[in-house]
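**Q** Note that the protein sequences, when read in sequence, are chains R and L. When the count follows our numbering, it moves up by one through the first sequence with no breaks and lands on 360 for the last residue. When the count follows our numbering, it moves up by one through the second sequence with no breaks and lands on 360 for the last residue.
Source of the hints: derived by calculation from the structure; they are not laboratory data. Virtual Cβ for every residue (Gly too), placed ideally from N, Cα, C. Treat each hint with caution, since some may be false.
Unchecked claim - Sample of chain L residues facing chain R (criterion: CB under 10 Å; computed from the structure):
#1 T41
#2 T47
#3 H336
#4 R348
Protein chains: 2
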Amino acid sequence: MTFKFEISKKSKKSKARVGKLHTPHGIVNTPVFLPVGTQGSVKTMSPRDLNEIGAEMILGNTYHLLLRPGPDLIKEAGGLHKFISWDKPILTDSGGFQVFSLAHLRKLTDEGVKFTSHIDGTKHFLTPASVLETQAAFGSDIMMPLDECVAYPCDKKEAKKALERTTVWAKESNKEHGAQNAEHRALFGIVQGGTYKDLRKQSAEEIAGIDFPGYAIGGLSVGEPQNEMFEMLAIVTNILPDDKPRHLMGVGFPSDITGAVKLGADIFDCVIPTRLARHGTFISDEGKISIRQARFEKDFSPIDPTCDCYTCQNFSRAYLRHIFWAREILALHLLTIHNLRYYMRLMQRLREEILAE
Amino acid sequence: MTFKFEISKKSKKSKARVGKLHTPHGIVNTPVFLPVGTQGSVKTMSPRDLNEIGAEMILGNTYHLLLRPGPDLIKEAGGLHKFISWDKPILTDSGGFQVFSLAHLRKLTDEGVKFTSHIDGTKHFLTPASVLETQAAFGSDIMMPLDECVAYPCDKKEAKKALERTTVWAKESNKEHGAQNAEHRALFGIVQGGTYKDLRKQSAEEIAGIDFPGYAIGGLSVGEPQNEMFEMLAIVTNILPDDKPRHLMGVGFPSDITGAVKLGADIFDCVIPTRLARHGTFISDEGKISIRQARFEKDFSPIDPTCDCYTCQNFSRAYLRHIFWAREILALHLLTIHNLRYYMRLMQRLREEILAE
């Protein structure tokens, strides 16, 4: 199936919309949240667990999978879907973000980025062409081009240089992707620009000027206040074509997602629900709550009485607290199920609210 | 339902038998293997995972559950079954074995054993009456009386003293249990005697002389060679009443179980399948094999092509090796599913072999 984005309904109150992404591995309802399967596994979750909580698409990290087990092995396994036993869509990032945050001794040039693996010290060179080749070996449904993501806060000159390099690479990537005859795999363009309004505008215009089937907004949710993120997002979604899907990369908390949907973002991914679970924190409409607290010692109610997940249907706060303190792996799994299911229900509610207008 | 053991078929070739244990939480087919849920969780496995691999009964460790979360909390939760969300039978040990292997500063007297918790240094005193009270708070289907388990090797004088104390405590426990009017919960007698033939005979005769609905054989699989274990077991099963179930505690590897079934043992429990899984080792008819090996790097076949478990049906050795090295929790879970399923299929095969004679 060729990639296609179909908008079913636009909100009258905001820039929110409900739609469907058509991908080679099936249809995805947007706005959508992607659980993050960094190394070929959404932490503690088997594919059937992901199906059960209602995941429609997951994200894989090119940086991690490139270093281990490597694109050759994944290709030999029949692609990432087959290797990890997940038959629904997969979006992969370009690896750029992780190179800037995890790798050692990285060296950036106009050609790409050289770095040393954080795992075994091997040397690698990411280029616009190489990251597409890697993601083609994975067989990703949605791919990202190499971009340069700056830290927060970032000096304006540096942010400008990064966005301009991102534009150059985006053009190269689009050309390269076109030459591969791989239209079934969608390549998105990535907008950068730090937290500078004029730079976000410049980047959005430059990237929107390249014909991509979808667009990603990078470099947000990296430490800036929420209102600043929303401000940047609003500038960008005003410029990006309305009929293409928009992925707000690495975002976020439920309130970030709720606000960003209203500003026209369609796709989200974030490690927050899985990471918090592994630290003993569950998410509900009340916010983030640690199961470790003494007040839950004899609390025999579910962690979230409004939730339909396996964890909430079968286990009490007292039990989850006990197995968390007893360092049982099951605690991390059961909390992950709940947190991801909470995110899936959040997305469903956001879609339903728009449809009900 | 009152506890009952029903033998459906006796082997003509050995002392093996196929039977059914009737318990308050349902019927269990014997010979049976109990996954170990030390702290109220079979490591990495949810109750539905246990149901799926075919677990019919699990074991809980009184020592661990006594220290954390404690019998009062479990009782307030509605019992151990409800607390951990497992509605099939649970067998609990007495805690004695762990006191001897894990606790600090233990002091043994004829009244019981004083010890200091390995978790928080709190002081506890286990007596024949207290361990029954604790297991009654759990609501265990099969309970064990306090016994004294000696190390291997053990000086004969010490082994004799331990078995005699075990007999005294068994009598006290049986009397105490009778006074509790808790016939629906079965209390088993435990045979000790180290690796001394005459002591095993003495213990089996003394314990068989007390009317228990089932018997356990303790103090084996603690380091002695397999042939020595089988020798001790044969002596004991020749003496224990033939119409009562026999639990060979803490055993073992598949070959231990296969041999012990032929010598008349009906119930087994062991941490081997779950512990090996967490160390990256899977079990098959070929033995114990580490998934970490380089030869599995590009091996896209299942870990055990003869196995019907979720892991073998969906994942390759290459994938399991990758996620194990990547330190993904999912690796531990998927290997545990396979190893436990292997044990369940082993027990099924042993039952079928006897039935087919």
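**Q** Under 10 Å, Cβ to Cβ, is where L:T47 needs to be relative to chain R, so tell me if that hint holds or is violated.
**A** 5 Å, holds
**Q** Was the hint right that L:H336 lines chain R, CB cutoff 10 Å?
**A** Interface hint status for L:H336: holds (7 Å vs cutoff 10 Å).
**Q** Was the hint right that L:R348 lines chain R, CB cutoff 10 Å?
**A** It is violated, given that the least Cβ distance between L:R348 and chain R is near 20 Å, above 10 Å.
**Q** Once the shortest beta carbon distance from L:T41 to chain R is found, is it less than 10 Å?
**A** This hint holds: L:T41 lies near chain R, its Cβ roughly 9 Å from the closest one there, short of 10 Å.
Taken one by one, the earlier hints fail for this structure only at number 4.
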